[in-house]
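One line per chain: the protein sequences are A and B, in this order. Our numbering puts the first sequence at residues 177 to 329. Our numbering puts the second sequence at residues 92 to 204.
Be aware that a few hints might be false.
[As the list claims (entries may be wrong)] Covered stretches of chain B (chain A as the covering partner; in silico rule of three or more C-beta atoms under 8 Å from a C-beta of chain A):
hint : region
1    : 110 to 120
2    : 151 to 161
[What the hints assert, rightly or not] Cβ pair distances, simulated, as ranges:
hint : chain 1 : residue 1 : chain 2 : residue 2 : range
3    : B       : Asp141    : A       : Leu291    : 24 to 30 Å
4    : B       : Ile126    : A       : His224    : 29 to 35 Å
5    : A       : Arg261    : B       : Gly155    : 42 to 48 Å
[To be verified] Here are the simulated EDC-like pairs of lysine to aspartate or glutamate, each with C-alpha atoms no more than 16 Å apart in a straight line:
hint : chain 1 : residue 1 : chain 2 : residue 2
6    : B       : Lys158    : B       : Glu190
7    : A       : Lys217    : A       : Asp194
8    : A       : Lys203    : B       : Glu118
9    : B       : Lys93     : B       : Asp120
10   : B       : Lys158    : A       : Glu293
11   : A       : Lys323    : A       : Asp194
12   : B       : Lys159    : A       : Glu293
13   : B       : Lys166    : B       : Asp186
14   : A       : Lys323    : A       : Asp278
Note that these hints are calculated values from the structure, not bench results. Heads up, the beta-carbon is just placed ideally off N, CA and C, and yes, glycines get one too.
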Amino acid sequence: MMKSSKMTNHPIAAASSDRITLAAVRKNIPDIICFAEEYFKRMNCPQHIITDFCIAADEIAANICMYAYSGGKTGNMTVKCNYCRRKNMASLIFADSGTPFDPLNMPAASVTAGLSERSIGGLGIHIVRGIMDDVRYRYIRSLNILKISKAIR
Amino acid sequence: MKANCIMSDSTLTIRLKGRLDTNTSPELDKKLTDIFSEHTVTEVRFDLSDLDYISSSGLRILLGTLKKVDSVNGKAYIENPNDCVMNILNMTGFDTLFEIVYTQDGHTDDEKQ
Numbered sequence: 177m178m179k180s181s182k183m184t185n186h187p188i189a190a191a192s193s194d195r196i197t198l199a200a201v202r203k204n205i206p207d208i209i210c211f212a213e214e215y216f217k218r219m220n221c222p223q224h225i226i227t228d229f230c231i232a233a234d235e236i237a238a239n240i241c242m243y244a245y246s247g248g249k250t251g252n253m254t255v256k257c258n259y260c261r262r263k264n265m266a267s268l269i270f271a272d273s274g275t276p277f278d279p280l281n282m283p284a285a286s287v288t289a290g291l292s293e294r295s296i297g298g299l300g301i302h303i304v305r306g307i308m309d310d311v312r313y314r315y316i317r318s319l320n321i322l323k324i325s326k327a328i329r
Numbered sequence: 092m093k094a095n096c097i098m099s100d101s102t103l104t105i106r107l108k109g110r111l112d113t114n115t116s117p118e119l120d121k122k123l124t125d126i127f128s129e130h131t132v133t134e135v136r137f138d139l140s141d142l143d144y145i146s147s148s149g150l151r152i153l154l155g156t157l158k159k160v161d162s163v164n165g166k167a168y169i170e171n172p173n174d175c176v177m178n179i180l181n182m183t184g185f186d187t188l189f190e191i192v193y194t195q196d197g198h199t200d201d202e203k204q
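I would like the entire structure built from these sequences, with the hints used as guidance.
Listed below in structure tokens is the structure:
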């Protein structure tokens, strides 16, 4: 049985039962993961689905923390959790107000090159696309919105 | 995440427990950097029996370590990944870089009684 990580005591910009907003800094990534994990546990999602969302949340939150706010700017990241029983579909929606960036337009990751040419660039979003059933990006009202979804089965 | 590193001759066994992600990778990275600076390592065995999951931050460490041992004509193995970890290794092509080994009891010899 996988142990949950515990929420730390970092300042929370905003939170409800299905949405949390935190400063987009690396030390807050475990809290984003934990929040999503606890939500899907409450929804009785299977463990393997929860694990995939934890991995995807780590990749996406890390990207936001590293790239969304550059040039000394700071900002927040928000994650909203959703579980639609009718469609049997779980989703996470990530939002940040940083530089417009569509991760789905990134060059394909290198997954077949030999060892010397192999790099890690682009693997994060490659993994997210691989473990989720649907990944969509939109830029609306000055927000990067990335929605990832997975059918419960 | 717990990382138990054991050097025996020139073989380094790294037993990982928990989650290897953005939060936990820097700690393992530092540990391995220290070990490689102090020892000649020609074989690395990542024992992932108790690893819950891995993200690209963890893969970065696996790849960096493999490149280090490869530069001295050494070898690196991944042992006993669970289904979730194996799925990530497959989709990123890491299964073609590493030799994946399943040991009978899920742990390396020094834990056998």
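Quiz prompt | Ascending list of hint numbers which this structure does not respect | solution = No numbers; nothing is violated.
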